[in-house]
Amino acid sequence: MPTYTMIVNGKPVTVEAPADMALLWVLRDKLGVRGPKFGCGIGVCRACTSHLNGAEIQPCVTPVAECSGQEVTTIEGLASGDDLHPVQEAWLEQDVAQCGYCQPGQIMAAAALLRTKQEITDEDIDRIANVCRCGTYFRIRQAIKSAAAKM
Amino acid sequence: MTCDNEVPVPEVRAPVRRRQFLTFLVAAPVLTVAVPGTAEAVIPTLPQPAEVLDLGDVLILAGTPTAGALAVLSVGEDGVVTLELPRAEVGQGITTACAMLVAEELDLPLGKVRVTLADARPELLMNQLTGGSNTMRSVYGPVRQAAAAARARLLAAAARKHGVAVERLSTKDGAVILPDGRPIVYGLLTSAAAQLTGTFAAQPKPAEEHRLVGTPQSRIDARAMVTGQFKYTLDQDVPGAMPTVVRRPPTINGSVRSVDSAAAKAMPGVLAIGVVPTGVAVVAETFGQAMAARDALKVTWNAGTIDALSDKEIRAKLQAAALPFVVPPLLTQHLDMDFDFAFVSHAPMETNSAIADVRDDRAEIWAGLKSPIVAQQTIAAAIGLPESAVKVHVMQGGGSFGRRLFFDAALEAAQISKALRRPVKLMWDRKDDMRHGRARAASHHKLRATFGLGNVLTFEHRVASVETDFRHGLGEILTATAAKLPVGGNLSFAQTVFLTTCKVPYNFGVVTSLLNEVPLRMHTGSWRSVYSANTRGAEEILVDQLAKKMGKDPVEFRREFLKTARQRAVLNKVVAEGEWGKAMPKGFAQGIGFHDEYKSCTACLVEIDARDPKNPRVVRATIAVDVGRPINPRGLEAQMLGGLTDAISTTLRAGLHIDRGLPLEGSYSQFHYARQKDAPLDVKIHVMPATGEPGGAGELGVPAAVGAIANAYARATGIVPRSFPIIFPVDFEPFPR
Ligand code: FES
Ligand code: FES
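Protein chains in written order, with UniProt numbering: chain A, 1 to 151; chain B, 1 to 737.
I should point out that these hints are in silico values taken from the structure, not numbers from a laboratory.
Only a predicted model underlies this, so the values are computations on that prediction, with no experimental measurement involved.
It is possible that part of the hints are untrue.
Pairs of lysine to aspartate or glutamate, EDC-like flavour, derived with a Cα cap of 16 Å [said to hold, decoys possible]: (1) B:Lys-391 - B:Asp-340; (2) B:Lys-231 - A:Glu-76; (3) A:Lys-30 - B:Asp-235; (4) A:Lys-145 - A:Glu-89; (5) B:Lys-317 - B:Asp-336; (6) A:Lys-30 - B:Asp-682; (7) B:Lys-172 - B:Glu-209; (8) B:Lys-265 - B:Asp-295; (9) B:Lys-677 - B:Glu-577; (10) B:Lys-317 - B:Asp-338; (11) A:Lys-150 - A:Glu-89; (12) A:Lys-30 - B:Asp-237; (13) B:Lys-677 - A:Glu-93; (14) B:Lys-677 - A:Asp-124; (15) B:Lys-582 - B:Glu-560; (16) B:Lys-317 - B:Asp-180; (17) A:Lys-145 - A:Glu-123; (18) A:Lys-145 - B:Asp-235; (19) A:Lys-150 - A:Asp-126; (20) B:Lys-484 - B:Glu-51; (21) B:Lys-548 - B:Glu-285; (22) B:Lys-677 - A:Asp-126; (23) B:Lys-677 - A:Glu-123; (24) B:Lys-446 - B:Asp-336; (25) B:Lys-391 - B:Asp-432; (26) B:Lys-391 - B:Asp-612; (27) B:Lys-231 - B:Asp-221.
Partial selection, computed: residues in chain A whose CB lies under 10 Å from chain B [as the list claims (entries may be wrong)]: (28) Lys-11; (29) Pro-12; (30) Val-13; (31) Thr-14; (32) Asp-20; (33) Asp-29; (34) Val-33; (35) Gly-41; (36) Gly-43; (37) Cys-45; (38) Leu-78; (39) Ala-79; (40) Ala-129.
For glycine and all other residues, C-beta sits at the position ideal for the given N, C-alpha and C.
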């Protein structure tokens with residue numbers, strides 16, 4: 001079985017895995033990084049959303065081989081120590097989470113968006129396709145706007 | 001110090017007198033409605049069963065014998081107070097609301113209260129079921145009582161230690177305050193308090209003295225959630241429990257005929273494969289490998305239980321099953337309408353999952369469970385162990401909406417663990433969760449209203465629904481409380497649930513609502529608001545059309561016919577805040593809906609953009625809600641927001657198509673639960689001031705919003721929707737079976 005080295009949340013890790021194994025299972029089952037959640041496995045629910053070199057990816061449809069030598073950031077790696085990312089702060093301020101299961105993915109999607117764009121419109125937010133089955137969308141919208149205003 | 005049930009818990013609510021129940025037996029309507037000579041007064045409707053005793057009252061009644069044992073509180077030496085709550089948190093925010101109750105009674109900062117979910121506690125009998133929007137209603141008394149008793153003990157311990165009379169002590173910020181002002185923190189008193197003998201009478205604070213309860217608070221678990229530290233079932237590590245998935249049949253309830261697992265066994269990471277009653281289980285080192293091996297299995301299947309049925313046949317059965325109306329439409333003006341609602345998946349984000357470790361002499365289970373005692377009993381029987389040998393841990397769930405009343409994943413995980421003789425971490429994949437999981441039953445509705453001289457004379461609703469499965473302990477509860485139920489005759493459990501939940505909030509003369517069920521052997525279950533979303537949603541659509549026929553504005557009409565001033569206040573609030581009647585551009589419209597249940601009531605006013613009738617969007621929503629006594633208004637608003645999104649989804653786009661024994665939908669790309677692009681750009685929720693005891697909230701938001709959205713759609717497009725979801729094509733290539 002091939003081995004892959006990558007940086008996960010700032011730490012170099014090496015794993016042995018088949019080339020086509022989805023990053024989600026490498027993270028969750030091999031590395032014990034459980035922040036990214038399984039919701040569909042086919043890239044549509046976006047509960048697993050994380051970052052590859054700062055850009056949004058869905059680890060459930062990203063083969064581990066594609067991440068070799070790259071920087072993977074999951075929800076656990078978004079804050080710097082105890083200092084939360086502004087998006088996380090905004091999520092707390094708006095008390096967004098209900099069951100919370102979709103929120104790591106929502107937050108990572110919002111953080112990736114805010115990295116590329118300062119002026120956020122409702123149309124930008126509408127394009128975030130992450131499912132929240134608890135229906136927290138309006139609070140997510142407010143939280144993104146609040147984070148954008150502060151960043 | 002642990003303080004559980006040392007002080008007898010007084011009856012929280014006034015005892016309900018038997019006489020009241022017997023007065024309102026459900027019977028055939030007495031058809032003696034005279035057409036009134038004047039048009040002045042609305043024709044009052046007799047109290048309906050749900051107004052006399054609703055499902056929540058039934059659950060409280062069944063739990064009363066054990067209410068004193070409900071809340072287990074402990075005061076730690078670190079000053080942290082822990083409440084072990086025998087309910088399931090799945091996103092409703094009950095742990096936060098309960099922490100607030102404890103903090104209030106003990107004069108503690110909220111941050112010093114921890115709430116954990118209790119394991120299955122069989123001694124609680126019927127008092128460990130999370131459903132019916134009943135948690136805050138059922139725990140408001142017992143949790144405050146337990147906390148008040150703990151406070152009394154801490155005071156007594158401080159009095160003894162410092163030689164002062166209890167009356168001269170007070171509590172503040174997690175400490176007993178001595179007469180000279182010195183604080184003694186609870187942590188220093190807890191062990192002395194634990195050693196005291198005797199009981200300590202204590203009454204919870206009167207509501208007027210609440211400082212924390214009733215103020216908006218953020219979720220106590222929010223930080224763990226936004227940092228990815230929060231642990232759901234499959235985020236736990238249980239030694240030896242490896243990723244496990246199941247290959248399931250091509251139709252609902254199909255079973256394995258033969259398996260060729262040679263290829264799958266040889267695949268990397270595969271640890272074990274075995275047949276269980278629900279399919280073929282595969283255990284591997286990672287879920288990715290388990291799923292790959294599952295797909296490589298060659299399985300032949302026996303037929304399932306509804307293989308010959310598709311939507312068309314099911315709909316025909318439902319239409320045939322709706323009971324006849326009683327009032328002939330001959331002598332009066334009348335309005336008849338009928339509606340169809342599709343099956344709807346619960347589809348919580350966290351799929352069905354469980355961890356099980358079954359040994360020869362004991363078993364341990366972890367799962368999100370809303371009926372853990374019944375789960376424990378059923379699992380014990382299935383794996384041949386005494387109940388006392390099966391430990392069932394209740395995990396916080398990633399959503400439920402009724403789904404986790406069922407413990408099928410826990411049972412299946414236990415069966416796999418036993419069969420393969422190893423601990424397992426079972427996860428359903430999304431396709432199975434939608435196709436073989438639970439769903440809200442499809443239903444057909446026939447409504448008839450007769451009217452004359454400005455009044456509604458009769459209102460009849462006939463609901464035909466595919467049977468909703470209540471085999472998660474509700475049957476036992478209804479049996480135990482049968483003598484007190486406000487319904488007579490030989491009603492089924494389902495009919496009892498129907499009649500103790502759905503009620504028409506209007507004075508519409510003689511009102512009869514009847515449910516008839518079509519038993520189909522498929523996996524149904526209560527879905528947020530059970531019958532009310534469809535039943536009351538349909539009624540709110542009829543109300544708009546009735547108003548139109550009678551020449552009245554929908555709001556004026558409701559104002560006139562609502563039964564109580566409290567209901568009218570909620571309606572008026574939403575009308576004012578939502579600017580009812582304002583000019584709207586072409587293709588846009590407002591719509592309104594009202595609902596009263598769980599001792600709470602709510603009105604919803606939406607604005608829809610239906611310029612393209614095939615692609616509508618609710619762009620703005622205003623909600624007013626009266627829950628009697630809000631514990632945490634911020635949490636309450638969250639629940640109303642969730643109910644609104646559920647209504648947007650199920651009214652406009654989200655449903656399941658059944659095709660030859662199986663739902664076609666297998667993921668969120670096919671089951672169109674709302675996304676951000678479908679959600680309103682503006683939502684305002686107004687919480688009415690506290691007046692009485694807490695009512696329910698978790699499911700309250702759905703029915704009024706269903707009515708409001710459908711009514712807005714009708715007003716915007718001129719098309720009154722009759723079949724839900726309104727936009728429901730098979731716009732995807734279904735996954736292979
Ligand atoms: S699990 Fe990755 S997108 Fe759904
Ligand atoms: S908070 Fe539950 S799915 Fe989003």
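Each hint, compared with the structure:
With a C-alpha separation of about 43 Å, the suggested pair Lys-391 of chain B and Asp-340 of chain B falls outside the 16 Å cut-off, and the hint is violated. Taken as a hint, the Lys-231 of chain B and Glu-76 of chain A pair is honoured in the structure, with Cα atoms around 12 Å apart against an allowance of 16 Å. Annotation: proposed proximity of Lys-30 of chain A to Asp-235 of chain B holds, straight-line Cα distance about 13 Å (limit 16 Å). With a CA separation close to 12 Å, the supplied pair Lys-145 of chain A and Glu-89 of chain A stays within the 16 Å bound.
A hinted pair counts as satisfied when its Cα atoms are at most 16 Å apart, and Lys-317 of chain B with Asp-336 of chain B does not qualify at roughly 20 Å. With a C-alpha separation of about 43 Å, the suggested pairing of Lys-30 of chain A with Asp-682 of chain B is violated against the 16 Å cut-off. This hinted pair checks out: Lys-172 of chain B and Glu-209 of chain B have alpha carbons roughly 14 Å apart, not beyond 16 Å. Restraint check for Lys-265 of chain B and Asp-295 of chain B: satisfied, since their Cα atoms lie roughly 12 Å apart, inside the 16 Å limit.
Restraint check for Lys-677 of chain B and Glu-577 of chain B: not satisfied, since their Cα atoms lie roughly 24 Å apart, outside the 16 Å limit. Taking the CA atoms of Lys-317 of chain B and Asp-338 of chain B, the gap is about 15 Å. The hint holds against a cut of 16 Å. A threshold of 16 Å between alpha carbons decides the hint, and for Lys-150 of chain A with Glu-89 of chain A the separation of about 10 Å falls inside it, so the pair holds. A C-alpha spacing of about 12 Å is found between Lys-30 of chain A and Asp-237 of chain B, which places the hinted pair at or below 16 Å, so the restraint holds.
Note on Lys-677 of chain B and Glu-93 of chain A: the hinted pairing is violated, with a Cα-Cα distance of about 23 Å set against a maximum of 16 Å. Annotation: proposed proximity of Lys-677 of chain B to Asp-124 of chain A holds, straight-line Cα distance about 10 Å (limit 16 Å). Taking the CA atoms of Lys-582 of chain B and Glu-560 of chain B, the gap is near 21 Å; set against the 16 Å cutoff, the hint is violated. For a cut-off of 16 Å, the pair hint linking Lys-317 of chain B to Asp-180 of chain B is broken: about 77 Å separates their Cα positions.
For a cut-off of 16 Å, the pair hint linking Lys-145 of chain A to Glu-123 of chain A stands: about 12 Å separates their Cα positions. With a C-alpha separation of about 31 Å, the suggested pairing of Lys-145 of chain A with Asp-235 of chain B is violated against the 16 Å cut-off. For a cut-off of 16 Å, the pair hint linking Lys-150 of chain A to Asp-126 of chain A is broken: about 20 Å separates their Cα positions. Restraint check: the Cα-Cα separation between Lys-484 of chain B and Glu-51 of chain B comes to about 14 Å, which is no more than 16 Å; the hinted pair holds.
At most 16 Å may separate the alpha-carbon atoms for a hinted pair to count; Lys-548 of chain B and Glu-285 of chain B exceed this at roughly 63 Å. With a C-alpha separation of about 4 Å, the suggested pairing of Lys-677 of chain B with Asp-126 of chain A holds against the 16 Å cut-off. Restraint check: the Cα-Cα separation between Lys-677 of chain B and Glu-123 of chain A comes to about 8 Å, which is no more than 16 Å; the hinted pair holds. The suggested pairing of Lys-446 of chain B with Asp-336 of chain B holds, with an alpha-carbon distance near 7 Å, which does not exceed 16 Å.
A hinted pair counts as satisfied when its Cα atoms are at most 16 Å apart, and Lys-391 of chain B with Asp-432 of chain B does not qualify at roughly 27 Å. For the given pair, Lys-391 of chain B sits about 55 Å from Asp-612 of chain B by alpha-carbon distance, which is inconsistent with the 16 Å threshold. For the suggested pair Lys-231 of chain B and Asp-221 of chain B, the alpha carbons sit about 11 Å apart, so the restraint of at most 16 Å is met. Because the closest C-beta pair between Lys-11 of chain A and chain B is about 15 Å apart, greater than 10 Å, the hint is violated.
At a threshold of 10 Å, the smallest CB-CB gap from Pro-12 of chain A to chain B is about 20 Å, leaving the interface hint violated. Nearest Cβ of chain B to the Cβ of Val-13 of chain A: about 15 Å, over the 10 Å cut. The hint is violated. With 10 Å as the threshold, the beta carbon of Thr-14 of chain A stays out of range of chain B, its nearest partner Cβ sitting at about 16 Å, so the hint is violated. Interface hint at Asp-20 of chain A: satisfied, since its Cβ lies 9 Å from the closest Cβ of chain B, which is below the 10 Å cut-off.
The closest approach between the C-beta of Asp-29 of chain A and any C-beta of chain B is roughly 4 Å, which is under the 10 Å cut-off, so the hint is satisfied. Checking Val-33 of chain A against chain B: minimum C-beta separation of about 8 Å stays under 10 Å; hint holds. Hint on Gly-41 of chain A holds. Least Cβ distance to chain B is approximately 6 Å, under the 10 Å limit. For Gly-43 of chain A, the interface hint holds, since its Cβ comes within 10 Å of a Cβ in chain B; the closest pair sits about 9 Å apart.
For the restraint placing Cys-45 of chain A at the interface with chain B, the shortest Cβ-Cβ distance is roughly 5 Å, inside the 10 Å limit, so the hint holds. Given the 10 Å rule on beta carbons, the hint for Leu-78 of chain A holds: about 8 Å separates it from the nearest Cβ of chain B. Because the smallest distance between the Cβ of Ala-79 of chain A and any Cβ of chain B comes to about 6 Å, under 10 Å, the interface hint for this residue holds. Residue-level restraint check for Ala-129 of chain A holds (minimum Cβ-Cβ distance to chain B is 5 Å; threshold 10 Å).
When the structure is compared with the earlier hints, violations turn up for hints 1, 5, 6, 9, 13, 15, 16, 18, 19, 21, 25, 26, 28, 29, 30 and 31 and for no others.
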